[in-house]
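Residue 71 in this note's numbering sits at position 71 of the sequence shown, and the numbers go up by one each step.
Do not rely on the hints blindly, as some may be mistaken.
[Said to hold, decoys possible] Think about it this way: if two alpha-carbon atoms lie no more than 25 angstroms apart in a straight line, the pair counts; the simulated DMTMM-like pairs of lysine to aspartate or glutamate are:
{"id": "1", "residue 1": "Lys123", "residue 2": "Asp103"}
{"id": "2", "residue 1": "Lys139", "residue 2": "Glu224"}
{"id": "3", "residue 1": "Lys196", "residue 2": "Glu67"}
In case anyone wonders, no lab produced these hints; they're calculated from the structure. Small disclaimer: the values here were computed from a predicted structure and weren't measured.
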Amino acid sequence: MQTTKENIVIVTAYPVNNLTAGQGNLNRIADGLISRGFTISLVCFSYPGHTIERPERFEEILFIRQERPQRFLYALLLGFFFPLFTVRFSFRALFFIRKRSRDAKLIFLDYSQVFIYALFLKKVRQKICMFAHDVIYQKYTRVFKNKWYGPMAMRYIQYTEKTMLHQSDNISVLSFKDKLLLNENYAINPVVSILKRRFTPGPLMNSKIDLNHFVFLGAWNRDENLDGLKWFIENVYPSLPRQFLFTIVGPGIKEAFKNNLPPAFKAVGFVDDLALVLQSSSALISPLFLGAGIKFKVLDAFKNGCRVIGTDISFEGIEIETSDILLKANAAEEFVKQIHYCSQTGYDPENITDLLCQFINRFDDTLEWIIRKATS
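Modelling step: build the complete structure from the supplied sequences, incorporating the hints.
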């Protein structure tokens, strides 16, 4: 086992915690690196309602609070790049990273919003690793669809993303579909990795499954999650009989929205034991119509032996072609049909976890990939 006290600089767009799937992924990576003897210099940016979990484990922390005027200023100064890629730029962060880059074994840039720092680290290019949670070009193709300015905006995004990604030779993505997109659009051949310890199923609790109980899971401050939930309540729920119950799990739901939910819906916020909720439910419901990249919430459901009802976007990058656990629905009537199917049909949780294991075994392990790069 690796036993070293060498330093890794981690730069991430959000505080390190378990409140969202992406942040939780880095939280576990940090724990894994520390357990293998590395120290971590952390750079992260503030986000409403979020704090750094267990800050004492890090060697040093630069926590940057950026107000809107600062983000606007950097967007102007770096206006030749699409603003999503400049929103986490800070000269304080840049000076901090550059000062530590000479002695650090690795500089790990987590999320596309912080890839911009690689532009200023050309002398240590070989130390830079980028972890792309999704392909921004693909994400905004859906956002700007049918907009008159769409083609111009997409050229702007494509130029920016290509420029950022070409600052490193060490890039990891979360799905084989994202690898293909980067190869076709930018002539980049990234590693496909996932944090295997995160999605390796443990023993199931043999909870009693309530076939009339369904779960929504997500960070509800994100528009694509909240818009999907609102769409479901407005377009699907009215066509369902009232015996069905829905639990909404995850942070970020505003009180005003929570107080106006229909009686069948219960918002419980962040839960410590997600396994208990998922393993006793008929299915996870994921009505996503925007976004890109692999959805950790779907893998979390499969890890806990729970089937999923979702759109094509919900299942993007998840190559498990089994229609009785991966239940596709892209229109209101299809969601109604799948919910009725789930309420009348049981399932084998162990079959779901076995299929997930077969799927994730195709990936490299993100933690081991980082350590290989840090020690090579």
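Evaluated hints:
1. Distance restraint check for lysine 123 and aspartate 103: the Cα-Cα separation of roughly 12 angstroms lies within the 25 angstroms cut-off, and the hinted pair is therefore satisfied.
2. At most 25 angstroms may separate the alpha-carbon atoms for a hinted pair to count; lysine 139 and glutamate 224 meet this at roughly 11 angstroms.
3. Of the pairs offered as hints, the one joining lysine 196 and glutamate 67 is violated, with about 36 angstroms between alpha carbons and a cut-off of 25 angstroms exceeded.
When held up to the earlier numbered hints, the structure conflicts with hint 3 and nothing else.
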